[in-house]
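Chemist: As you go down the protein sequences, you meet chains A and B in turn.
Residue 793 is where the first sequence starts when you use our numbering, and the numbers rise one by one after that.
Residue 23 is where the second sequence starts when you use our numbering, and the numbers rise one by one after that.
Keep in mind that the hints were calculated from the coordinates and are not lab data.
Treat the hints loosely; a few may be bogus.
Once the Cα atoms are required to be at most 27 Å apart in a straight line, the calculated BS3-like pairs of lysine-lysine come out as [unchecked claim]:
| no. | chain 1 | residue 1 | chain 2 | residue 2 |
| --- | --- | --- | --- | --- |
| 1 | B | Lys-25 | A | Lys-849 |
| 2 | A | Lys-860 | A | Lys-898 |
| 3 | A | Lys-863 | B | Lys-84 |
| 4 | B | Lys-25 | A | Lys-898 |
| 5 | A | Lys-863 | B | Lys-75 |
| 6 | B | Lys-75 | B | Lys-100 |
| 7 | B | Lys-129 | A | Lys-902 |
| 8 | B | Lys-129 | B | Lys-25 |
| 9 | B | Lys-79 | B | Lys-25 |
| 10 | A | Lys-898 | A | Lys-849 |
| 11 | B | Lys-129 | B | Lys-75 |
| 12 | A | Lys-848 | A | Lys-860 |
| 13 | A | Lys-864 | A | Lys-849 |
| 14 | B | Lys-100 | B | Lys-79 |
| 15 | A | Lys-902 | A | Lys-860 |
| 16 | B | Lys-100 | B | Lys-84 |
| 17 | B | Lys-25 | B | Lys-100 |
| 18 | B | Lys-75 | A | Lys-898 |
Restraint-style ranges between C-beta atoms, simulated for each label pair [as the list claims (entries may be wrong)]:
| no. | chain 1 | residue 1 | chain 2 | residue 2 | range |
| --- | --- | --- | --- | --- | --- |
| 19 | A | Gly-852 | B | Ser-49 | 23 to 33 Å |
| 20 | B | Gln-102 | A | Pro-874 | 40 to 50 Å |
| 21 | B | Pro-24 | A | Leu-843 | 18 to 28 Å |
| 22 | B | Gly-38 | A | Ser-866 | 44 to 54 Å |
| 23 | A | Leu-803 | B | Met-40 | 40 to 50 Å |
| 24 | A | Glu-850 | B | Lys-25 | 18 to 28 Å |
| 25 | A | Ser-802 | B | Ser-31 | 20 to 30 Å |
| 26 | B | Ser-95 | A | Asn-859 | 42 to 52 Å |
| 27 | B | Asp-36 | A | Pro-903 | 39 to 49 Å |
| 28 | B | Leu-61 | A | Glu-862 | 29 to 39 Å |
| 29 | A | Glu-862 | B | Ser-95 | 21 to 31 Å |
| 30 | B | Pro-24 | A | Val-845 | 25 to 35 Å |
| 31 | B | Gly-38 | A | Asn-859 | 22 to 32 Å |
| 32 | B | Val-136 | A | Asn-823 | 36 to 46 Å |
Here are some chain A residues the structure puts well away from chain B; computed CB gaps all over 12 Å [said to hold, decoys possible]:
| no. | residue |
| --- | --- |
| 33 | Glu-807 |
| 34 | Val-812 |
| 35 | Thr-814 |
| 36 | Asn-823 |
| 37 | Pro-826 |
For clarity, every value in this text was computed on a predicted model and none was experimentally measured.
Heads up, the beta-carbon is just placed ideally off N, CA and C, and yes, glycines get one too.
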Amino acid sequence: QQQVRQSPQSLTVWEGGTTVLTCSYEDSTFNYFPWYQQFPGEGPALLISILSVSDKKEDGRFTTFFNKREKKLSLHIIDSQPGDSATYFCAASYGNEKITFGAGTKLTIKP
Amino acid sequence: GPKVLQIPSHQIIDMGQMVTLNCDPVSNHLYFYWYKQILGQQMEFLVNFYNGKVMEKSKLFKDQFSVERPDGSYFTLKIQPTALEDSAVYFCASSFWTANTEVFFGKGTRLTVV
Chain A
793 QQQVRQSPQS LTVWEGGTTV LTCSYEDSTF NYFPWYQQFP GEGPALLISI LSVSDKKEDG
853 RFTTFFNKRE KKLSLHIIDS QPGDSATYFC AASYGNEKIT FGAGTKLTIK P
Chain B
23 GPKVLQIPSH QIIDMGQMVT LNCDPVSNHL YFYWYKQILG QQMEFLVNFY NGKVMEKSKL
83 FKDQFSVERP DGSYFTLKIQ PTALEDSAVY FCASSFWTAN TEVFFGKGTR LTVV
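Excised from the complex, chain A in its bound form (with noise of 0.2 Å):
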């Protein structure tokens, strides 16, 4: 059973464009939405993360919306650069002690 759906499984977007990664879910408990970035070898990072109280949440580049009737969230990467090509997972929690991921999307930024 698959908690987080991710889409699309690898995207190619050019240097500068917008880059836009999708994400639902089915557990309505879920509060939590972050968002991990990885590069090949290392661990997953965080990127931003979203409360369920929220609609929005900015930082820098990068903005999370969470639509909470559609149980639905987004990844907006505005000017894309090759430096943000690497794998993002968003994921949910309910305040609990883990964390379910998305099977994950390889973005690729060619210059």
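For this one, chain A is given, so just place chain B on it according to the hints.
Modeler: The following block gives chain B in isolation, referenced to the frame of chain A:
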């Protein structure tokens, strides 16, 4: 920033043997986790640990798996005996409080069972 250290980075072991993966979590963190990742894809939750006890474990956390953190030292994942399907990258993570606070991951230990 805070770092979670994992030792070793790569381990090759014969099927049926025992292996122990070591993790040095962030010093003031109270919650500890192990995740399994295959082929750079899905991060699968294995187990979490708090106050000396397993709080939750997934179906992937087979009877052959065990975790402990004796006397505040390394947080370890032991697999005994190992099977071919245990080959994966194992990530240790820690957080100061529950998973609704920032969780920090190590670089992983690549386990190859031959």
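Chemist: Indicate, hint by hint, whether the structure satisfies it.
Modeler: Status of each hint after checking the structure:
1. For the proposed pair Lys-25 of chain B and Lys-849 of chain A, the alpha carbon gap of about 25 Å is at most 27 Å, so the pair holds.
2. Among the hinted pairs, Lys-860 of chain A with Lys-898 of chain A is consistent with the structure: their alpha-carbon atoms are about 25 Å apart, no more than 27 Å.
3. Taking the CA atoms of Lys-863 of chain A and Lys-84 of chain B, the gap is about 32 Å. The hint is violated against a cut of 27 Å.
4. For the suggested pair Lys-25 of chain B and Lys-898 of chain A, the alpha carbons sit about 24 Å apart, so the restraint of at most 27 Å is met.
5. Distance hint between Lys-863 of chain A and Lys-75 of chain B is unfulfilled; the C-alpha atoms sit about 33 Å from each other, more than 27 Å.
6. With a C-alpha separation of about 15 Å, the suggested pair Lys-75 of chain B and Lys-100 of chain B falls inside the 27 Å cut-off, and the hint holds.
7. Between Lys-129 of chain B and Lys-902 of chain A, the direct Cα distance comes to roughly 26 Å. Compliance with the 27 Å bound is thereby established for this hinted pair.
8. With a C-alpha separation of about 9 Å, the suggested pair Lys-129 of chain B and Lys-25 of chain B falls inside the 27 Å cut-off, and the hint holds.
9. Restraint check: the Cα-Cα separation between Lys-79 of chain B and Lys-25 of chain B comes to about 24 Å, which is no more than 27 Å; the hinted pair holds.
10. As the CA atoms of Lys-898 of chain A and Lys-849 of chain A are separated by approximately 22 Å, the hinted pair is consistent with the 27 Å bound.
11. Note on Lys-129 of chain B and Lys-75 of chain B: the hinted pairing holds, with a Cα-Cα distance of about 24 Å set against a maximum of 27 Å.
12. Between Lys-848 of chain A and Lys-860 of chain A the alpha-carbon distance is near 11 Å, which keeps this suggested pair within the 27 Å criterion.
13. This hinted pair checks out: Lys-864 of chain A and Lys-849 of chain A have alpha carbons roughly 14 Å apart, not beyond 27 Å.
14. Among the hinted pairs, Lys-100 of chain B with Lys-79 of chain B is consistent with the structure: their alpha-carbon atoms are about 14 Å apart, no more than 27 Å.
15. As the CA atoms of Lys-902 of chain A and Lys-860 of chain A are separated by approximately 33 Å, the hinted pair breaks the 27 Å bound.
16. Taking the CA atoms of Lys-100 of chain B and Lys-84 of chain B, the gap is near 11 Å; set against the 27 Å cutoff, the hint holds.
17. Distance restraint check for Lys-25 of chain B and Lys-100 of chain B: the Cα-Cα separation of roughly 22 Å lies within the 27 Å cut-off, and the hinted pair is therefore satisfied.
18. Between Lys-75 of chain B and Lys-898 of chain A, the direct Cα distance comes to roughly 35 Å. Violation of the 27 Å bound is thereby established for this hinted pair.
19. A hinted range of 23 to 33 Å for the beta carbons of Gly-852 of chain A and Ser-49 of chain B is consistent with their spacing of about 29 Å.
20. Checked against the given bound of 40 to 50 Å, the beta carbons of Gln-102 of chain B and Pro-874 of chain A, roughly 44 Å apart, stay inside it.
21. At roughly 22 Å, the beta carbons of Pro-24 of chain B and Leu-843 of chain A sit within the given window of 18 to 28 Å.
22. Restraint check, Gly-38 of chain B to Ser-866 of chain A: a C-beta distance of roughly 46 Å satisfies the suggested window 44 to 54 Å.
23. Between Leu-803 of chain A and Met-40 of chain B the Cβ separation comes to about 41 Å, which falls inside the hinted range of 40 to 50 Å.
24. Range check, Glu-850 of chain A to Lys-25 of chain B: Cβ separation about 27 Å, and the 18 to 28 Å hint holds.
25. Between Ser-802 of chain A and Ser-31 of chain B, the C-beta spacing of about 26 Å keeps the proposed range 20 to 30 Å intact.
26. A hinted range of 42 to 52 Å holds for the C-beta pair Ser-95 of chain B and Asn-859 of chain A, which are about 44 Å apart.
27. At about 45 Å, the beta-carbon gap between Asp-36 of chain B and Pro-903 of chain A stays in the expected band of 39 to 49 Å.
28. Separated by about 31 Å at the C-beta atoms, Leu-61 of chain B and Glu-862 of chain A satisfy the suggested range of 29 to 39 Å.
29. The given range of 21 to 31 Å is broken by Glu-862 of chain A and Ser-95 of chain B, whose C-beta atoms sit roughly 46 Å from each other.
30. One distance hint, 25 to 35 Å for the beta-carbon pair Pro-24 of chain B and Val-845 of chain A, holds here, with the actual separation near 26 Å.
31. Against the hinted window of 22 to 32 Å, the Cβ-Cβ separation of Gly-38 of chain B and Asn-859 of chain A comes to about 49 Å, which falls outside the hint.
32. Our hint of 36 to 46 Å for Val-136 of chain B and Asn-823 of chain A holds, since their Cβ atoms are close to 43 Å apart.
33. For Glu-807 of chain A, the shortest C-beta to C-beta distance to chain B comes to about 23 Å, beyond the 12 Å cut-off, and the non-interface label holds.
34. Every C-beta of chain B lies more than 12 Å from that of Val-812 of chain A, the closest at about 21 Å, which supports listing it as non-interface.
35. Listed as a non-interface residue, Thr-814 of chain A keeps its Cβ farther than 12 Å from every Cβ of chain B; the least gap is roughly 17 Å.
36. A cut-off of 12 Å between C-beta atoms contradicts the statement that Asn-823 of chain A is not in contact with chain B; the least separation is 7 Å.
37. The non-interface label for Pro-826 of chain A is inconsistent with chain B: the shortest C-beta to C-beta separation is roughly 8 Å, within 12 Å.
Hint compliance for this structure: hints 3, 5, 15, 18, 29, 31, 36, 37 are broken, all remaining hints hold.
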